[in-house]
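Visitor: Residue-level listing of the chains:
2 protein chains.
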Amino acid sequence: MSLAAVFEATAQRAREASRALARASTGQKNRALEVMAARLQSARPALKTANQDDLAAAQARGLEPALVDRLRLDDAALDRMIEGLLQISALPDPVGSIRDLAYHPSGIQVGRMRVPLGVVGIIYESRPNVTVDAAALCFKAGNACVLRGGSEANASNRALALLLGEALEATGLPAAAITLIETTDRAMVDHMVAAEGLLDVLIPRGGKGLIERISKAARIPVLKHLDGNCHLYIDAGADHAMAEALVMNSKTHRYGVCNALETLLIHEAEADTLLPRLAALLAAKDVVLRGCPKTCARVPEAEGATEADWYEEYLGPLLAVRVVPSLDEAMAHIARYGSAHTDVIVTQDYARAQRFLAEVDSASVMVNASTRFADGFEFGLGAEIGISTDKLHARGPVGLEGLTTEKYIVYGSGQVRA
Amino acid sequence: MSLAAVFEATAQRAREASRALARASTGQKNRALEVMAARLQSARPALKTANQDDLAAAQARGLEPALVDRLRLDDAALDRMIEGLLQISALPDPVGSIRDLAYHPSGIQVGRMRVPLGVVGIIYESRPNVTVDAAALCFKAGNACVLRGGSEANASNRALALLLGEALEATGLPAAAITLIETTDRAMVDHMVAAEGLLDVLIPRGGKGLIERISKAARIPVLKHLDGNCHLYIDAGADHAMAEALVMNSKTHRYGVCNALETLLIHEAEADTLLPRLAALLAAKDVVLRGCPKTCARVPEAEGATEADWYEEYLGPLLAVRVVPSLDEAMAHIARYGSAHTDVIVTQDYARAQRFLAEVDSASVMVNASTRFADGFEFGLGAEIGISTDKLHARGPVGLEGLTTEKYIVYGSGQVRA
Chain A
300 MSLAAVFEAT AQRAREASRA LARASTGQKN RALEVMAARL QSARPALKTA NQDDLAAAQA
360 RGLEPALVDR LRLDDAALDR MIEGLLQISA LPDPVGSIRD LAYHPSGIQV GRMRVPLGVV
420 GIIYESRPNV TVDAAALCFK AGNACVLRGG SEANASNRAL ALLLGEALEA TGLPAAAITL
480 IETTDRAMVD HMVAAEGLLD VLIPRGGKGL IERISKAARI PVLKHLDGNC HLYIDAGADH
540 AMAEALVMNS KTHRYGVCNA LETLLIHEAE ADTLLPRLAA LLAAKDVVLR GCPKTCARVP
600 EAEGATEADW YEEYLGPLLA VRVVPSLDEA MAHIARYGSA HTDVIVTQDY ARAQRFLAEV
660 DSASVMVNAS TRFADGFEFG LGAEIGISTD KLHARGPVGL EGLTTEKYIV YGSGQVRA
Chain B
300 MSLAAVFEAT AQRAREASRA LARASTGQKN RALEVMAARL QSARPALKTA NQDDLAAAQA
360 RGLEPALVDR LRLDDAALDR MIEGLLQISA LPDPVGSIRD LAYHPSGIQV GRMRVPLGVV
420 GIIYESRPNV TVDAAALCFK AGNACVLRGG SEANASNRAL ALLLGEALEA TGLPAAAITL
480 IETTDRAMVD HMVAAEGLLD VLIPRGGKGL IERISKAARI PVLKHLDGNC HLYIDAGADH
540 AMAEALVMNS KTHRYGVCNA LETLLIHEAE ADTLLPRLAA LLAAKDVVLR GCPKTCARVP
600 EAEGATEADW YEEYLGPLLA VRVVPSLDEA MAHIARYGSA HTDVIVTQDY ARAQRFLAEV
660 DSASVMVNAS TRFADGFEFG LGAEIGISTD KLHARGPVGL EGLTTEKYIV YGSGQVRA
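Taken in sequence, the protein lines are chains A and B.
Position 59, counted from 1, in the first sequence is what this note's numbering calls 358; the numbers after and before it change by one each time, with no gaps.
Position 304, counted from 1, in the second sequence is what this note's numbering calls 603; the numbers after and before it change by one each time, with no gaps.
Honestly, I wouldn't trust all of these hints.
Said to hold, decoys possible - Residues from chain B that keep clear of chain A, each with C-beta distances beyond 12 Å, as calculated: (1) T482; (2) G506; (3) D571; (4) P592.
Said to hold, decoys possible - Partial list, derived from the structure: chain A residues whose beta carbon lies under 8 Å from chain B: (5) V500; (6) M665; (7) V715.
These are calculated hints, taken from the structure and not from any lab test.
Everything numeric in this text was worked out from a predicted model, so none of it was measured.
C-beta: ideal position from N, C-alpha, C; glycine also.
Modelling step: build the complete structure from the supplied sequences, incorporating the hints.
Guide: Written out as structure tokens, the structure reads:
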């Protein structure tokens, strides 16, 4: 059988399973998630053995230690997966909720019912925990999933997927609802990105390279974000202590995350007093500043920023800094250079806060809060499958609701159209 | 300047205009729509003159009379456009509404604000009324639009777009918010479908050929539907008078529309009595039946259906008919052959009504109502830009809400992430 035929048969089984899942009750889904957690708990030794195979192969191939670390399934990683399964089990089920059900002049009642998307494809890199985390979210939202992990985690992913499938069958659901593509043939990804009618949406999880590659090739919808070039604008009259706390938390809480601060914009009315103070605080954390000429005039140790710096997502201890003459200039900078991920204004002014919220066209727009809050848990979604910077469907942190869609339902009593 | 550069400059002007539109108040947008209506009213003679050029050219080129008719801007067509502008002006503005604003454990308040998509590309065929109808809907939702009409309606579209632009400027808004691409060079469509970062979404309006072509080539999201292969299933125990009325309205109210009935499924318990009666009613309207063997056994004048008939969207006086042994078989038929547009169950049974609503995976799923109700006006959207059978973003009739997106907003008071 050709690889294309293997993929199609696999995806068809997942689609059939998705129909059983769409009918499954909330109780049945929650029980399955609890059984998954229990099986992960009791299978710790077997999972670690499988993981050892991946780790040994990675080390033999001379993989970087940081990448080997990402592969590791230790007790802490297993604890987080088990905890995640139980958390997702406890989340409200979005499927079947109906909104805006109302009578219309014809006499029909029209509403919108939330339903699963169908089959979700997940393409991810080395971390084997994605196998469990992503499958559990798709499953709770009533979707089957087709998982394609990195070849370096193949033994771990197989062991995890086997457990999940057993848990599904133990609760009367088809194992194919969580399908791992076991072949490490890269051509399988080509079939996934072109799977019109087989997969309803693709979610790539991993580095920017992977996500760009998938998005470029995709013939089916992709939920993704590429860049998190997040801005914080300190407005004229902002509270300095608040501004300092927000800059430090946004920039230095964690460097390698998509909601970390990358460009600081500051109104020139505050620059003389606040910029040197911020520079000292950041220098104490070894953060290097790349500034506009007005920044460099006030902070001698700052490096000069080039045009490329305004576009950059550093993901490290670097911060671009620009002094701006007005809110309008700050918003124009964000519109031009930003990645529409997360942008913050620090202000005490009511009208400018409202303008920033209304006019900045990003997935998360904040007043007086750290960029680091752009996160599914912090936003109350319970868990997230990722963050979308696309405008259609789901935007910002994507949780269970983003893994569903709505259909119109009509309750009639024999009405015909006049 | 190359065509690509012309397109890019045009789209950039539309994007700049979209930012002004996103800031425009509801009152300002409504006034602009009223000025558009008034200008259309007073420009009737000029519009008809421009339209005469298109009609004359079409007749000279030997275009089919039906196609020439679609081009015609007579008083009735102008009345409908003017009425449409005033209706859209009266619709509630979706932009700026905030839902689910709530405090979270960190102390931040998180909500979701509805905002425009940005710039919408519309590619359409001969009907010049689309220029006004689509532009008005995009505009009320706060979007700029880039319109590409059919070359055969070029003079009419230019005259209409000029009026709309003048109305925008008269109300202090940029004329580029409604941009008509005037060149009839077909390569312009190639630039539109690949306009990543320039257009946020494409909406093709026209025949299936156009929509397939655009979807295949598109590198940006497309809101569309291809087929309306709508089903009506008559359940065991259904009310016969209701079933007859619904079948007749769904099939014969209008033939050429996407929400017309194309396949009738009937439970075998009702087939003996109801099928001959339905066949007589349909024959009186010259509707030809293509049936399964069980149908042909009960309706001798029915033609035998082939496998292709179950997939077919006839858009004419033809109806495929299949006798099924159960609700499950009816739903399996719809899942296999349907186009996920609109499907109806006629039933008096509570449990089977609920199962059909929950399990049939189509944009509109109905109990005891005509398929013809799948329509933006009938569903209370006020007006529609089209119907989507895709699962992501907007599904079913797409009105103002489908032309917007949501972003997360955060009101903080200095919170940092722990």
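Visitor: Give a verdict on every hint.
Guide: Hints, one by one, checked against the model:
1. T482: At roughly 28 Å from the nearest Cβ of chain A, T482/B sits farther out than 12 Å, so the non-interface label holds.
2. G506: Its Cβ never comes within 12 Å of chain A, the nearest being 20 Å, so this holds.
3. D571: holds (22 Å)
4. P592: Holds: least Cβ distance 27 Å, greater than 12 Å.
5. V500: Cβ of V500/A sits 6 Å from chain B, so the hint holds.
6. M665: holds (4 Å)
7. V715: Interface hint status for V715/A: holds (4 Å vs cutoff 8 Å).
In summary, this structure violates none of the numbered hints.
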